[in-house]
Amino acid sequence: MDFKDTPEEAAFRAEVRAWIDANAPKHLLEELKNASFASNGVVSEDPIAAGKAWQKKKAEAGWACLHWPKEYGGGARTPIERVIWGQEEGPYAALTGVFTIGHGMCGPTVMSWASEEHKRKLLPPLASGETVWCQLFSEPASGSDLAGLRTRAVKAEDGSGDWIINGQKIWTSGAQYSDWGLLITRTNPDVPKHKGLTMFFLDMKSPGVEVRPIKQANGQSSFNEVYFTDVRIPDSQRLGEVGQGWEVSLTTLMNERLSIGSGMSTGFPELFRFCMEAEIDGEPAVKDSGVRSKLAQFAVKQSGLKYTGMRAISALSKGEIPGPENSIGKLVAGATMQELSMFALDLQGEAGVLWNEESPQQGRFQAMLMRSPATRIEGGSDEILRNIIGERVLGLPGDIRVDKDVPFKDIPTSGRKKK
Amino acid sequence: MNLDFSDEQKQLREQVRRFLSENCTSDTVRAILEGPESYDKKLYQGLAELGVLGAAIPEEYGGVGLGHLELCVVAEELGRVLAPVPVSSSIYLTAEFLMLAGSEKQKETWLPKLAAGEAIGAFAYAEGQGRMSLAKIKATVSGGKLKGTKSPVADGDVADIAVVAAKNEKGQVSLYLVDLSGPGVSRETLESIDPTRSQARLSFDGAQAELLGAEGSGWHIASQVLDRAAVLMAFEQVGGADRSLEIARDYALERMAFGRPIGSFQAIKHILADMYVSATLARSNCYYGTWALNSGAAEFPVAAATARVSATTAFQHCAKNNIQVHGGMGFTWAFDCHLYYRRSNALAVALGSLSTWESQLIERMSAGNAETAA
Chain X
-16 MDFKDTPEEA AFRAEVRAWI DANAPKHLLE ELKNASFASN GVVSEDPIAA
34 GKAWQKKKAE AGWACLHWPK EYGGGARTPI ERVIWGQEEG PYAALTGVFT
84 IGHGMCGPTV MSWASEEHKR KLLPPLASGE TVWCQLFSEP ASGSDLAGLR
134 TRAVKAEDGS GDWIINGQKI WTSGAQYSDW GLLITRTNPD VPKHKGLTMF
184 FLDMKSPGVE VRPIKQANGQ SSFNEVYFTD VRIPDSQRLG EVGQGWEVSL
234 TTLMNERLSI GSGMSTGFPE LFRFCMEAEI DGEPAVKDSG VRSKLAQFAV
284 KQSGLKYTGM RAISALSKGE IPGPENSIGK LVAGATMQEL SMFALDLQGE
334 AGVLWNEESP QQGRFQAMLM RSPATRIEGG SDEILRNIIG ERVLGLPGDI
384 RVDKDVPFKD IPTSGRKKK
Chain B
744 MNLDFSDEQK QLREQVRRFL SENCTSDTVR AILEGPESYD KKLYQGLAEL
794 GVLGAAIPEE YGGVGLGHLE LCVVAEELGR VLAPVPVSSS IYLTAEFLML
844 AGSEKQKETW LPKLAAGEAI GAFAYAEGQG RMSLAKIKAT VSGGKLKGTK
894 SPVADGDVAD IAVVAAKNEK GQVSLYLVDL SGPGVSRETL ESIDPTRSQA
944 RLSFDGAQAE LLGAEGSGWH IASQVLDRAA VLMAFEQVGG ADRSLEIARD
994 YALERMAFGR PIGSFQAIKH ILADMYVSAT LARSNCYYGT WALNSGAAEF
1044 PVAAATARVS ATTAFQHCAK NNIQVHGGMG FTWAFDCHLY YRRSNALAVA
1094 LGSLSTWESQ LIERMSAGNA ETAA
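Chains X and B supply the protein sequences, listed in that same order. Using my numbering, you'd call the opening residue of the first sequence number -16 and step up by one each time. Using my numbering, you'd call the opening residue of the second sequence number 744 and step up by one each time.
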C-alpha cells in the first residue's frame, strides 16, 4: 500500500508538469483559484476566450482529450495518464470547464453513433476547443424521467427528408455560447415512451432556435432554456436509427458518470479554516466540543471521498476497472456541502443572514448555501443516484413502471383528478 | 498509486474467511451470547494455530512477522462474523503495548504466549462512568503494589495479564503489567449490551505491578497504542458494517410485501444505498488509516482518528438500519440483526467513545495537520 507513482507514471508526470509549467497561463492562476459555481473565476479577460486559448494550446501539443483516439484530435492516453494529467493541470482545468459536456458526453456519443465523415468533421474542432457543444436533454416536464420528453421531431412535408423540431429544453449549460447541440426528441408518440425517441445533433445557429437564460433560485443565470420553433434538421444529422434515441442517450449518460477520481469539493477545507478563525466566547470555534463533533463528521466524509477516489485510481494504475465505489461521489459531496454551509452560517450567529462584504471568505458559505440545492439535483438527483446504487451496485430489483407498456400519448400528464 | 491490499493479503483474507465460515457461525456467537462462557476457546485456539493472532508480532517473539496490514485484513474478517474472542484486548492492545514499550524480558515472557493464544491480555484504564481522562485515574502503585478498581475492562474476566494505567508515587500516570493470577486481584464479569464480548470489573488490593515503559509516560504510550488499536478496530467495524448491509440486502431481495420484493420499493432501496455509502466511506478511510499505520507516516494520528470516527459511524448506521429493513423480524431474538446492533454499539464506546475520537480528530487537525484532510 502506497501513494507512489510507478516509474512509468512518474516519468509521465514529470513530462506533464514540465509542459504545464512552460505553457500554462500563469497570470490567471490567482483568479482560477477563486473559481466559483458560476464561472471559471476569470474576470480580467473574457473567460470563454481564455478557455479556448488554453484548449488550443493543449491540442497543438497533443494534450487535448486524452481519452479520445488520435484520429479525432485526442491524445489516446491510458486512464491513469488521464488522471495524472488532471492532477497536474490542477486549477487550470477550470479554464476549460466550458468543454466538459462536449468532451465528456457529446463527443463520445458522436464517436459511437455518427458517420465517419461527421466524426472527422466534428470531433477535431471540438477537441481543440474551436467549437463548444451543449446537451439538449432535460425538459420542464421530464427531468429524472428523461424518456418522458415531449419535444417533437416530425418529417418535413416537402419530401426533403429533413426533420422539423418544436418544443422546449431546459437546464442547458452553455447553450448561449455553444456551436452545436446534442438533441433528443420524440418522433413517435404512439409507442411506449422509450421506443419513440430519436437523437440528432444540430447547429445552434439554426433559424428557430432561441436561447433564454434562466434566473435561478440563487439569483445567478448559468443555465438556459432553449426553445425550438419549426427548426429544420437534415436527416444526415440523426444519430442512430429513428426510434433508437433512448439507446443513444445511454451512451451519453454512461459517459457522464465515468469521471474518475475527480474529487468533488465538499467545502470542508474552507469550513475548517473558518472554524480556526471564528470565535465562540472568546475561544477559537475549533475548541468547542459541539463544533468538533460536527467538523469531524464533515472531515471523514471529505477524506472518505478523497481515498475512495484514490482506490479507483489504484485500480486504473494496475490496469483494472475500478469498482462501483465512485458512484457515491456526488451524492455525498452535494449533501455535505449543503449541511456544511448551514453550519458555517450558524457559527456566524445573527450575522449569518448577511451576504455582503462583512461575510467571512467573501460570502463563500452563503453562496454555497444558495447553490447546493442544485448540486443535489443536476446530473442525476440524490434519489436517482440512490436508485443507481441500489439497483446496479446492490442488485436490487427496479421499481415497477406503470407507464412501461403504455403508448406515450396515453400517459397521464397531471396528478390531479379531472373535474 | 496503490491504495489496496496486495494479492498475498487478499489470499490471507480468503483463508481467514474460509476458516471462519466453518468455525464461527451464528451458532458460535449465540453460544457465547446465551451461555456461561465469556469467549469461544476453540475458535481462539484455531485462530492461534492459523497464525493470525501473531500476524503483526515479530518471529523472534513467536509471531508470524507479517505486519499491521495483514492484521487489518484479519480484523475485518473477525468483525464480519462477530467472532466472540478476545483478539482486540489481547492482540490490538496488550501485544501492541508490549511491542511499543515493553522491556526485552517482558516481550520474551508474554508475546509468544499471546501469539499462541496461551495467554490473554487486557487493557485496564477506565474507572467507571464518564469519558476517560487523565484526571479520572485514581488507581495507584506504591512500592510495586497496585490498589484501585478498573471498570469496565474488556475481556478482564478471562485475561491472564493486564496492562493497567495507574498513578505512581509522584502522582504521574504510568503503565504497569499485572499478572492477574497473582494475589490481590479479584474480578467480576459485568452485564453489558453485548455479552459476546465480555466486560469485567478488576479490583486490585496490593497486586504485584511491574512498570511497563518509563515512569510517567503512561498517557503518552497509551495514546499511541490506542491509535493503533483504533485502526484495527475500525477494520472490525467495517467488516460488521459490510455484513450488516449484505444481510439487509439479501432480506430485501427475498421478503415480499404488497406483491413485490421489498427491495424494489425506493423507501427500502434508499436506506440500503445510504448504508452502502457509509460503509464505502469508512472502508476508504480505513485504507488511509492502515497505510499511515504501516508506513509510519507523520499524519498517522489524524489518519487513525479519521478511520475510527468513520468506521464507528458506519457500523452503527448499517446495524441499526439492518433491523429497520427487516421490520418486525429484525427485532426477534432468532434473527441475527440484534447481534450486529449489539456489537456496533459496544465497539462504538470501546477505546474511547465516538465523541472522544471526533474531538481528537479535530484537535489533531488543528495542531497542524489540517492539510491532510484537504
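Calculated from the structure, these hints are not laboratory results. Where is the CB? At the ideal position from N, CA and C, for every residue including glycine. Check each hint, because a few of them may be wrong.
Some chain B residues close to chain X (C-beta under 8 Å, calculated; not the full set) [as the list claims (entries may be wrong)]:
1) Asp747
2) Ser764
3) Thr768
4) Arg992
5) Leu1015
6) Ala1016
7) Tyr1031
8) Glu1101
9) Leu1104
10) Ser1109
Here is what the structure says about each hint:
A cut of 8 Å between beta carbons decides the hint on Asp747(B): the least distance to chain X is about 5 Å, and the hint holds. For Ser764(B), the interface hint is violated, the least distance from its beta-carbon to any beta-carbon of chain X being 21 Å, above 8 Å. The criterion of a C-beta within 8 Å of any C-beta in chain X is not met by Thr768(B), whose closest approach is roughly 24 Å, and the hint is violated. Taking 8 Å as the C-beta cut-off, the interface hint given for Arg992(B) holds, the closest approach to chain X being about 5 Å.
The beta carbon of Leu1015(B) comes within 6 Å of a beta carbon in chain X, closer than 8 Å, and the hint placing it at the interface holds. Hint status for Ala1016(B): holds, given a least beta-carbon distance of 4 Å to chain X, under 8 Å. Given hint, Tyr1031(B) at the interface with chain X, holds; its Cβ is 5 Å from that chain's nearest Cβ, closer than 8 Å. Residue-level restraint check for Glu1101(B) holds (minimum Cβ-Cβ distance to chain X is 4 Å; threshold 8 Å).
At its closest, the beta carbon of Leu1104(B) sits 5 Å from a beta carbon of chain X; the interface hint therefore holds under the 8 Å criterion. A least Cβ separation of about 5 Å between Ser1109(B) and chain X falls short of the 8 Å threshold, and the interface hint therefore holds.
Hint violations for this structure: numbers 2, 3, all remaining hints satisfied.
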